[in-house]
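Residue numbers (my numbering), protein chains in the order written: chain A, 418 to 723; chain B, 69 to 424.
Hints were generated in silico from the structure; no laboratory data involved.
Treat the hints loosely; a few may be bogus.
Said to hold, decoys possible - Here are the simulated PhoX-like cross-link-like pairs (lysine-lysine), alpha carbons at most 20 Å apart as the crow flies:
#1 B:Lys-243 with B:Lys-390
#2 A:Lys-535 with B:Lys-311
#3 B:Lys-93 with B:Lys-122
#4 B:Lys-218 with A:Lys-535
#5 B:Lys-218 with B:Lys-294
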Amino acid sequence: MDLSAINPVLLIASLMVAATPLLLAGIGELVVEKSGVLNLGVEGMMITGAISGFAIAVETGSPWLGFLAAAAGGALLSLLFVLLTQVALANQVASGLALTLFGLGLSALMGQGYVGIKPPQIGRLDIPVLSDMPVIGPILFGHDPILYLGIAIVAGVWALLKYTRAGLILRAVGESHDAAHALGYKVVRIRTLSILFGGACAGLGGAYISLVRVPQWTEGMTAGVGWIALALVVFASWKPWRVMLGAYLFGGITVLQLNLQAAGVAIPVEYLAMSPYLITILVLVILSKDKSSAPASLGRIFHASR
Amino acid sequence: MKLTTLLTSAAMVLGLASGAMAQDKTKVGFIYVGPIGDGGYTYQHDQGRLAVEKHFGDKVETVYQESVPEGADAERAITQMALNGADLIFTTSFGFMDPTVAVAKKFPNVKFEHATGFKRADNLATYSARFYEGRTVMGTIAGRMTKTNKIGYIGAYPIPEVIRGINATYLAAKKVNPDVEFNIIWAYTWFDPAKEADAAKALLEQGADVILQHTDSTAPSAAAEKAGNVITFGQASDMAEYKPRPRVSSIIDNWAPYYIERVQKVMDGTWESGDYWGGIGSGMVEIGEITGLPEDVTKEAEAIRDQIASGALHPFAGPINKQDGTPWLAEGETASDADLLSMNFYVEGIKGEVPQ
Numbered sequence: 418m419d420l421s422a423i424n425p426v427l428l429i430a431s432l433m434v435a436a437t438p439l440l441l442a443g444i445g446e447l448v449v450e451k452s453g454v455l456n457l458g459v460e461g462m463m464i465t466g467a468i469s470g471f472a473i474a475v476e477t478g479s480p481w482l483g484f485l486a487a488a489a490g491g492a493l494l495s496l497l498f499v500l501l502t503q504v505a506l507a508n509q510v511a512s513g514l515a516l517t518l519f520g521l522g523l524s525a526l527m528g529q530g531y532v533g534i535k536p537p538q539i540g541r542l543d544i545p546v547l548s549d550m551p552v553i554g555p556i557l558f559g560h561d562p563i564l565y566l567g568i569a570i571v572a573g574v575w576a577l578l579k580y581t582r583a584g585l586i587l588r589a590v591g592e593s594h595d596a597a598h599a600l601g602y603k604v605v606r607i608r609t610l611s612i613l614f615g616g617a618c619a620g621l622g623g624a625y626i627s628l629v630r631v632p633q634w635t636e637g638m639t640a641g642v643g644w645i646a647l648a649l650v651v652f653a654s655w656k657p658w659r660v661m662l663g664a665y666l667f668g669g670i671t672v673l674q675l676n677l678q679a680a681g682v683a684i685p686v687e688y689l690a691m692s693p694y695l696i697t698i699l700v701l702v703i704l705s706k707d708k709s710s711a712p713a714s715l716g717r718i719f720h721a722s723r
Numbered sequence: 069m070k071l072t073t074l075l076t077s078a079a080m081v082l083g084l085a086s087g088a089m090a091q092d093k094t095k096v097g098f099i100y101v102g103p104i105g106d107g108g109y110t111y112q113h114d115q116g117r118l119a120v121e122k123h124f125g126d127k128v129e130t131v132y133q134e135s136v137p138e139g140a141d142a143e144r145a146i147t148q149m150a151l152n153g154a155d156l157i158f159t160t161s162f163g164f165m166d167p168t169v170a171v172a173k174k175f176p177n178v179k180f181e182h183a184t185g186f187k188r189a190d191n192l193a194t195y196s197a198r199f200y201e202g203r204t205v206m207g208t209i210a211g212r213m214t215k216t217n218k219i220g221y222i223g224a225y226p227i228p229e230v231i232r233g234i235n236a237t238y239l240a241a242k243k244v245n246p247d248v249e250f251n252i253i254w255a256y257t258w259f260d261p262a263k264e265a266d267a268a269k270a271l272l273e274q275g276a277d278v279i280l281q282h283t284d285s286t287a288p289s290a291a292a293e294k295a296g297n298v299i300t301f302g303q304a305s306d307m308a309e310y311k312p313r314p315r316v317s318s319i320i321d322n323w324a325p326y327y328i329e330r331v332q333k334v335m336d337g338t339w340e341s342g343d344y345w346g347g348i349g350s351g352m353v354e355i356g357e358i359t360g361l362p363e364d365v366t367k368e369a370e371a372i373r374d375q376i377a378s379g380a381l382h383p384f385a386g387p388i389n390k391q392d393g394t395p396w397l398a399e400g401e402t403a404s405d406a407d408l409l410s411m412n413f414y415v416e417g418i419k420g421e422v423p424q
């Protein structure tokens with residue numbers, strides 16, 4: 418075993434990249450669930466975002482337009498979920514699962530002509546002096562802008578939920594849609610916007626995999642990240658910074674265990690392979706000992722007449 | 069994830085059930101472990117399926133189910149296919165072995181073929197390709213090309229098929245470059261592009277400048293290309309889109325001739341259970357075009373490929389010791405197929421342990 422082969426600076430830099438898709442999808446789903454809607458279609462929206470972003474980035478040569486298209490693609494697919502659950506009042510669990518299946522199929526269809534193509538590269542942040550600093554440079558100032566966008570979204574969501582009137586209304590809708598409705602808030606409209614936001618975030622997360630982390634298009638390439646994001650929101654007790662902590666823990670331990678394996682550490686590989694799941698859940702469960710519980714109206718269907 | 073795959077399968081089975089059931093056609097089913105668009109292993113099997121369709125035209129009907137998880141759900145997927153009137157079913161991943169055995173027992177009139185396994189029955193044959201022969205060619209190139217003397221290897225699961233590949237690569241690399249070291253990562257998945265890319269990155273960050281993979285997607289090549297100045301090899305499929313660098317050559321699984329032959333036998337009523345293991349010589353394993361390498365390395369690799377094809381060179385020729393130093397093959401001995409099929413140890417010189 419040769420631990421010196423692991424470069425901690427590069428390790429931290431790559432764990433941030435590995436965590437970002439999860440972070441983006443998780444924070445989007447957090448807003449959706451805060452508004453009282455359970456959307457199990459994260460995986461489907463992610464993979465749709467991954468191919469939308471990839472296709473547009475390849476066609477236009479601009480990764481920026483790609484990410485924009487990914488957000489639009491994810492949001493568009495979530496519109497289907499809006500139609501099913503907010504207009505037709507269908508069961509949210511079933512609709513979410515259907516959305517994932519549909520997204521996986523749709524993305525495979527859309528991606529037919531894009532297998533084996535290389536996307537345009539997105540530039541890294543390059544601030545003179547700061548980016549060249551040892552240790553801090555590659556960790557804090559050497560990433561692509563989307564990674565920072567992810568962190569900014571987390572901060573934004575946190576501030577919105579905690580300090581603004583809009584956040585209060587969103588939470589009210591999620592806690593008791595009947596009370597919010599009685600007060601005159603447009604429950605369906607607020608939920609629709611939340612779902613669209615969640616879709617856009619999931620789309621961005623998917624495109625981050627296909628445009629930055631891998632970068633290529635392969636069918637089914639999100640390989641379950643959406644489901645992990647869903648679990649993460651629950652274990653993070655619907656708190657934005659905990660979603661980020663969980664995403665970084667999960668991404669970090671995933672990257673760390675691969676590095677430990679490569680360095681030949683004498684821990685059985687099976688334990689290393691399951692460690693990201695175990696440790697993330699363990700830490701978040703311990704953190705959530707305070708009495709933060711799910712939004713009270715989570716998953717319940719709202720109809721104004723009832 | 070389990071639930072969705074389950075539902076996907078259910079949805080697909082419904083689709084299959086509603087399909088027309090023509091009696092005079094031979095119906096051939098394929099169970100895939102990944103999506104047919106993976107650009108690697110499953111893609112190559114599906115090319116075999118398409119070749120069967122093209123060869124037999126109207127006389128054959130093929131059905132397939134992709135992304136079937138290894139484990140209990142596979143049994144249900146195979147059963148469904150048999151219930152829907154398939155005459156011959158190919159199950160194309162190691163983890164489908166026990167499910168295939170179980171279903172074969174229930175449907176004595178349906179023929180089954182399981183890839184890369186070792187359990188057989190009267191109506192269950194096995195077939196595989198000697199990927200390790202290709203690994204010897206890759207290992208030679210890897211040993212010649214590495215400057216850091218660190219070679220990264222991404223394995224899927226610690227099963228004989230993968231371990232054999234690692235050993236064959238190591239022996240060949242060691243032969244031309246005694247200083248090589250192998251860093252091995254087990255991904256515990258056949259197909260997860262993000263994880264495969266992360267694994268490649270971890271290896272690169274630790275100084276490897278050659279990456280070999282025994283997983284199914286092209287993600288490691290994509291990661292290597294991003295890092296620059298690293299070489300990789302196509303796995304299962306040519307992965308030609310990464311030519312000439314980072315992908316410098318590839319091991320291509322050519323299943324088409326075997327599939328056509330076996331379907332023909334079912335049509336003629338001459339199908340028999342057995343075990344087929346094809347290598348470079350029989351064309352089941354092909355070495356993809358060698359690109360972006362110096363002339364002498366290309367020549368050397370091609371020479372080794374031809375020697376293996378003609379039988380002059382065996383990838384596992386003694387003297388070889390096991391990792392712990394105990395002798396395995398003596399001078400002049402070559403490994404038997406039984407030894408190869410059950411290989412669960414590293415050869416001497418590889419660091420780390422095989423996960424048990």
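Hint by hint, here is what the structure shows:
no.: 1; hint: B:Lys-243 with B:Lys-390; verdict: holds (16 Å)
no.: 2; hint: A:Lys-535 with B:Lys-311; verdict: holds (12 Å)
no.: 3; hint: B:Lys-93 with B:Lys-122; verdict: holds (14 Å)
no.: 4; hint: B:Lys-218 with A:Lys-535; verdict: violated (27 Å)
no.: 5; hint: B:Lys-218 with B:Lys-294; verdict: holds (19 Å)
Against the hints set out earlier in the document, a violation occurs for number 4 only.
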